[in-house]
Amino acid sequence: MLERFYGSMVRTRFAPSPTGYMHIGNLRTALYAYLTARRHQGVFILRIEDTDQGRNIPEAVAAIYKGLQLAGLDYDEGPDKDGGYGPYIQSERLPIYQEHAQRLLEMGAAFRCFCRKEDQPEGDDAPTRRDPCRLLTPAQVEEKMTAGESFVIRQRIPDGGSTTFRDHVYGEITVENAQLDDQVLLKSDGFPTYNFANVVDDHLMAISHVMRGQEYLSSTPKYNLLYRNFGWEVPEYVHLPLIVKEDGTKFSKRLGDPSFEDLVKMGYLPEAIVNYIALLGWSPGNDQEFFTLAELEKVFSIDRINKSSAAFSFDKLTWLNGEHIRALSLEAFHELALAYYPPELADYDTLKISELLQVRTEKLTEIPEMVTFFAAVPDYDVELYIHDKSKSDLATSLAVLKGVLPLLAEIKTFNNDNLFLMLKQFGKENGFKTGTVMWPIRTALSGVPATPGGATALAEILGREETLRRVAAGIAKLEAAV
RNA sequence: GCCCCCAUCGUCUAGCGGCCUAGGACGUGGCCCUCUCAAGGCCAAAACCGGGAUUCGAAUUCCCGUGGGGGCACCA
Numbered sequence: 001m002l003e004r005f006y007g008s009m010v011r012t013r014f015a016p017s018p019t020g021y022m023h024i025g026n027l028r029t030a031l032y033a034y035l036t037a038r039r040h041q042g043v044f045i046l047r048i049e050d051t052d053q054g055r056n057i058p059e060a061v062a063a064i065y066k067g068l069q070l071a072g073l074d075y076d077e078g079p080d081k082d083g084g085y086g087p088y089i090q091s092e093r094l095p096i097y098q099e100h101a102q103r104l105l106e107m108g109a110a111f112r113c114f115c116r117k118e119d120q121p122e123g124d125d126a127p128t129r130r131d132p133c134r135l136l137t138p139a140q141v142e143e144k145m146t147a148g149e150s151f152v153i154r155q156r157i158p159d160g161g162s163t164t165f166r167d168h169v170y171g172e173i174t175v176e177n178a179q180l181d182d183q184v185l186l187k188s189d190g191f192p193t194y195n196f197a198n199v200v201d202d203h204l205m206a207i208s209h210v211m212r213g214q215e216y217l218s219s220t221p222k223y224n225l226l227y228r229n230f231g232w233e234v235p236e237y238v239h240l241p242l243i244v245k246e247d248g249t250k251f252s253k254r255l256g257d258p259s260f261e262d263l264v265k266m267g268y269l270p271e272a273i274v275n276y277i278a279l280l281g282w283s284p285g286n287d288q289e290f291f292t293l294a295e296l297e298k299v300f301s302i303d304r305i306n307k308s309s310a311a312f313s314f315d316k317l318t319w320l321n322g323e324h325i326r327a328l329s330l331e332a333f334h335e336l337a338l339a340y341y342p343p344e345l346a347d348y349d350t351l352k353i354s355e356l357l358q359v360r361t362e363k364l365t366e367i368p369e370m371v372t373f374f375a376a377v378p379d380y381d382v383e384l385y386i387h388d389k390s391k392s393d394l395a396t397s398l399a400v401l402k403g404v405l406p407l408l409a410e411i412k413t414f415n416n417d418n419l420f421l422m423l424k425q426f427g428k429e430n431g432f433k434t435g436t437v438m439w440p441i442r443t444a445l446s447g448v449p450a451t452p453g454g455a456t457a458l459a460e461i462l463g464r465e466e467t468l469r470r471v472a473a474g475i476a477k478l479e480a481a482v
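According to my numbering, the residues represented by the first sequence are 1 to 482, in order.
Calculated from the structure, these hints are not laboratory results. The reader is advised that the hints may include incorrect statements.
[Unchecked claim] Derived pair list, reagent style DSBU-like, types lysine-lysine, alpha-carbon separation capped at 30 Å:
| # | residue 1 | residue 2 |
| --- | --- | --- |
| 1 | 245 | 352 |
| 2 | 363 | 66 |
| 3 | 402 | 363 |
| 4 | 363 | 253 |
| 5 | 428 | 352 |
| 6 | 352 | 253 |
| 7 | 265 | 245 |
| 8 | 250 | 265 |
| 9 | 66 | 250 |
| 10 | 265 | 187 |
| 11 | 363 | 298 |
| 12 | 428 | 412 |
| 13 | 265 | 253 |
| 14 | 245 | 298 |
| 15 | 66 | 298 |
| 16 | 352 | 389 |
| 17 | 250 | 316 |
| 18 | 363 | 265 |
| 19 | 391 | 402 |
| 20 | 245 | 187 |
| 21 | 389 | 433 |
| 22 | 412 | 391 |
| 23 | 389 | 428 |
| 24 | 433 | 391 |
| 25 | 265 | 316 |
| 26 | 298 | 316 |
Please build the complete structure, drawing on both the sequences and the hints.
Given below as structure tokens:
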């Protein structure tokens, strides 16, 4: 399906409006556009769509750069990377839109509309598709203009007929022109609407594949009419299915759903989010689910994009995040984990702690909770020593702890392997299962029912001195209870 | 209201007329491993929205219905 472009350059673009954050749907659009460009040795372009003067957030453009960088989507052309098709910020292209609107006016494909915004009907039903101003005579237009009345420029939709276009994922779509409205192309403030700017820019920037959300599907015929008016070749269209929540409602930042940046703050790795997002609406055709960006660049294909909307599953993202965490080198994971360790852990060998944590961490944010016991044993219930599976109860626990205390004090090399062998031997000699020996020690050392690593691993990290102190405290606690 | 789109396990999906007693993954349940918890291994429950039509044969093609989503802004 892409044959037509194998001979020429594939150029895709990501054209966000500066809202201050990277919406998940936008991230996926950017990803797919990026992957399509990379897959065909094409060019990926960043264009800023800041044509809504009432909605611009000053720092928002920086957020776009940051988001793309975080995701690893580097662009070949953009505001700060001139590729000869600039400017790449729409607010800097105003004369271009005005000139093109003028051409449309001259060929009769557009007209000036002097209606006041307040006069426009805004009901849910029976929208006026044909604007009354399209009937104004040149003299009337002249009169209103000299009177200084403000106006917008609207597209003149043909009265009859229909418009058909082909979309790569949705196939052929036909819409009656009667269904299309005389949309505004140029606002009264001189800025273009998205509907106009995207057509002009996509053509002028030689975009080969227009990739965007499915919400633009029904207005695409209007864009095609514009391309036809200008005599331009229509680009390839690739509309992407929506991303929704598991309850089927829209995934929206405004409704409290996290943005890309929010997800990172929640402890998800950017590469895991990118991996997960790639699978939301696309599948490789085999069973592989773990992908690095580099791998995606090799296998991504427009032909395998799905039509139906996909629900965002935090469960699956979390699992995939765990996969990415485990795929990290210990050093890389350690560096990430460091930021989540409480300062009290500084006394310990945190690299060893990281080693225990890596296989047990699904989200970085759950790290603090998993390691607090290293800093201090919480006030735990003595019942914690009772554990059926380990055949451990208060009596065995007390006996084990007491028997093991001197051994721990004497053992020459205080490390995981030696401790394990020694304690196992202790169990054998005293008729205890290994688990019966380990359970009370682990409990005394941590005060929590589950820890990253077992008794001996914790002991090694805590060191002989602290281990003895905690075991002694455990003995005291048990003696008080018995 | 009008127009457009979509429809396989709870979720993401494979399937592009016979290979389907519908495959994989997440999640869920069980077992194994085991020094707790994870990780890992094994197993289980779990789906083709409904009705017609085409065909020797339909999850796959067509039509109708139903359900869901999107659009109809001087927002993108």
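Hints, verified against the model:
Proposed proximity of residue 245 and residue 352 is contradicted: the alpha carbons are some 39 Å apart, above 30 Å. Between residue 363 and residue 66 the CA atoms are separated by roughly 21 Å; this keeps the pair inside 30 Å, and the hint holds. For the hint pairing residue 402 with residue 363, the CA-to-CA distance comes to about 38 Å; that exceeds 30 Å, so the pair is violated. The hinted pair formed by residue 363 and residue 253 meets the criterion: a straight-line CA distance of about 21 Å does not exceed 30 Å.
As the CA atoms of residue 428 and residue 352 are separated by approximately 29 Å, the hinted pair is consistent with the 30 Å bound. Distance restraint check for residue 352 and residue 253: the Cα-Cα separation of roughly 39 Å exceeds the 30 Å cut-off, and the hinted pair is therefore not satisfied. A threshold of 30 Å between alpha carbons decides the hint, and for residue 265 with residue 245 the separation of about 20 Å falls inside it, so the pair holds. Straight-line distance between C-alpha atoms of residue 250 and residue 265 comes to about 22 Å, which keeps the hinted pair within the 30 Å bound.
Restraint check: the Cα-Cα separation between residue 66 and residue 250 comes to about 25 Å, which is no more than 30 Å; the hinted pair holds. For the proposed pair residue 265 and residue 187, the alpha carbon gap of about 39 Å is over 30 Å, so the pair is violated. Under the criterion of a C-alpha separation no larger than 30 Å, the hint pairing residue 363 with residue 298 is consistent with the structure, at around 28 Å. A C-alpha spacing of about 20 Å is found between residue 428 and residue 412, which places the hinted pair at or below 30 Å, so the restraint holds.
The suggested pairing of residue 265 with residue 253 holds, with an alpha-carbon distance near 15 Å, which does not exceed 30 Å. Between residue 245 and residue 298 the CA atoms are separated by roughly 29 Å; this keeps the pair inside 30 Å, and the hint holds. A threshold of 30 Å between alpha carbons decides the hint, and for residue 66 with residue 298 the separation of about 24 Å falls inside it, so the pair holds. In summary, the hint linking residue 352 to residue 389 is supported, as the alpha carbons are separated by about 27 Å, within the 30 Å threshold.
At roughly 18 Å between alpha-carbon atoms, residue 250 and residue 316 fall within 30 Å of each other, so this suggested pair holds. At roughly 10 Å between alpha-carbon atoms, residue 363 and residue 265 fall within 30 Å of each other, so this suggested pair holds. Proposed proximity of residue 391 and residue 402 is supported: the alpha carbons are some 17 Å apart, at most 30 Å. A threshold of 30 Å between alpha carbons decides the hint, and for residue 245 with residue 187 the separation of about 35 Å lies outside it, so the pair is violated.
A threshold of 30 Å between alpha carbons decides the hint, and for residue 389 with residue 433 the separation of about 11 Å falls inside it, so the pair holds. Our distance criterion of 30 Å between C-alpha atoms is met by residue 412 and residue 391, whose separation comes to about 29 Å. For the proposed pair residue 389 and residue 428, the alpha carbon gap of about 18 Å is at most 30 Å, so the pair holds. Restraint check for residue 433 and residue 391: satisfied, since their Cα atoms lie roughly 8 Å apart, inside the 30 Å limit.
Distance hint between residue 265 and residue 316 is fulfilled; the C-alpha atoms sit about 18 Å from each other, no more than 30 Å. The hinted pair formed by residue 298 and residue 316 meets the criterion: a straight-line CA distance of about 23 Å does not exceed 30 Å.
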